[in-house]
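> Since chain A is already given, all that's left is putting chain B on it; use the hints.
Protein sequences appear in the order of chains A and B. Per our numbering, the first sequence starts with residue 1, numbered consecutively. Per our numbering, the second sequence starts with residue 1, numbered consecutively.
Careful: at least some of the hints might be erroneous.
With a Cα cut of at most 25 Å, we get these calculated DSS-like pairs of lysine-lysine [said to hold, decoys possible]:
hint, chain 1, residue 1, chain 2, residue 2
1, B, 42, B, 64
2, B, 42, A, 46
3, A, 46, A, 106
4, B, 42, A, 106
5, A, 106, A, 67
6, A, 46, A, 67
7, B, 76, A, 46
Derived, one-sided and incomplete: chain B residues facing chain A with beta-carbon distance under 10 Å [unchecked claim]:
hint, residue
8, 26
9, 47
10, 52
11, 94
12, 103
13, 104
14, 109
15, 111
16, 114
17, 118
Everything labelled a hint here was simulated from the structure, so no lab data went into it. Using N, Cα and C, we set each Cβ at its ideal position, and we do this for glycine too.
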Amino acid sequence: QSVLTQPPSASGTPGQGVTISCSGSSSNIGLNTVDWYQHLPGTAPKLLINSNNYRPSGVPDRFSGSKSGTSASLAISGLLSEDEADYYCAAWDDSLNGVVFGGGTKLTV
Amino acid sequence: MQLVESGGGLVQPGGSLRLSCVASGFTFDDYVMHWVRQVPGKGLEWVSGLSWNGDNIGYVDSVKGRFTISRDNAKKSLYLQMNSLTIEDTALYYCTKDISPIMGNGHMDVWGQGTAVIVSS
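With the rest of the complex left out, here is chain A (with noise of 0.2 Å):
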């Protein structure tokens, strides 16, 4: 059971939008930013989202986050095959003194 939650999939053909929900708690997304991450099969996973809605460089403007009280959500806009992943949401937990993970979300385009 992880600390944060995500539905275990989520799916969208090409070009259409979709969203991935991280719901939380007051110990960790209610007092601490949420990251996002894309895991490809057989590679490592790769930073997507930091502080809640920074883009590190390279990722593309389609991939957008947000915050609000203890919940986050992962906005991809023109969906694209190669989005085809598993995205993770985390953040610090204050109370746990560590990250904590969201249990992944498995996106189908």
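Only chain B this time, still in chain A's reference frame:
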């Protein structure tokens, strides 16, 4: 920027392993470093992290008292000493770099390819 892990392998329950991670392409002692693992077919789990100078360390509850994280900034290396291993520790272990020098953020912008640990009799 690159991280290369090593030290994984097959070990019996109750045994020990020491994972290593060598960094290149960035100033190693400017950043927090972490270990993150992924059990086959499961999600990501943060295992441990330590600050740039090793003064601030954190562990997930399930490994406290069994795993020890350390770093050698002169060698640009991160380590994870794993003792009293159980079947539940079987996973791919990733070494990661934080964007901050102090603990309390967890923004991991560089990941290694991982080293596999298999605990089995």
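> Confirm or reject each hint.
Okay, the hints, checked on the actual structure:
1. B:42 to B:64: Holds. Residue 42 (chain B) to residue 64 (chain B) sits at ~21 Å (cutoff 25 Å).
2. B:42 to A:46: Holds, because 17 Å separates the two Cα atoms, which is no more than 25 Å.
3. A:46 to A:106: Cα-Cα ~15 Å, so holds.
4. B:42 to A:106: 11 Å, holds
5. A:106 to A:67: 20 Å, holds
6. A:46 to A:67: 20 Å, holds
7. B:76 to A:46: 22 Å, holds
8. 26: Violated, about 14 Å.
9. 47: Hint holds; residue 47 (chain B) Cβ to chain A Cβ min 9 Å, cut 10 Å.
10. 52: Since chain A brings no Cβ nearer than about 17 Å to residue 52 (chain B), farther than 10 Å, the hint is violated.
11. 94: 7 Å, holds
12. 103: 8 Å, holds
13. 104: Nearest chain A Cβ about 6 Å off; hint holds.
14. 109: OK, holds: residue 109 (chain B) within 10 Å of chain A, min 5 Å.
15. 111: 4 Å, holds
16. 114: 7 Å, holds
17. 118: 18 Å, violated
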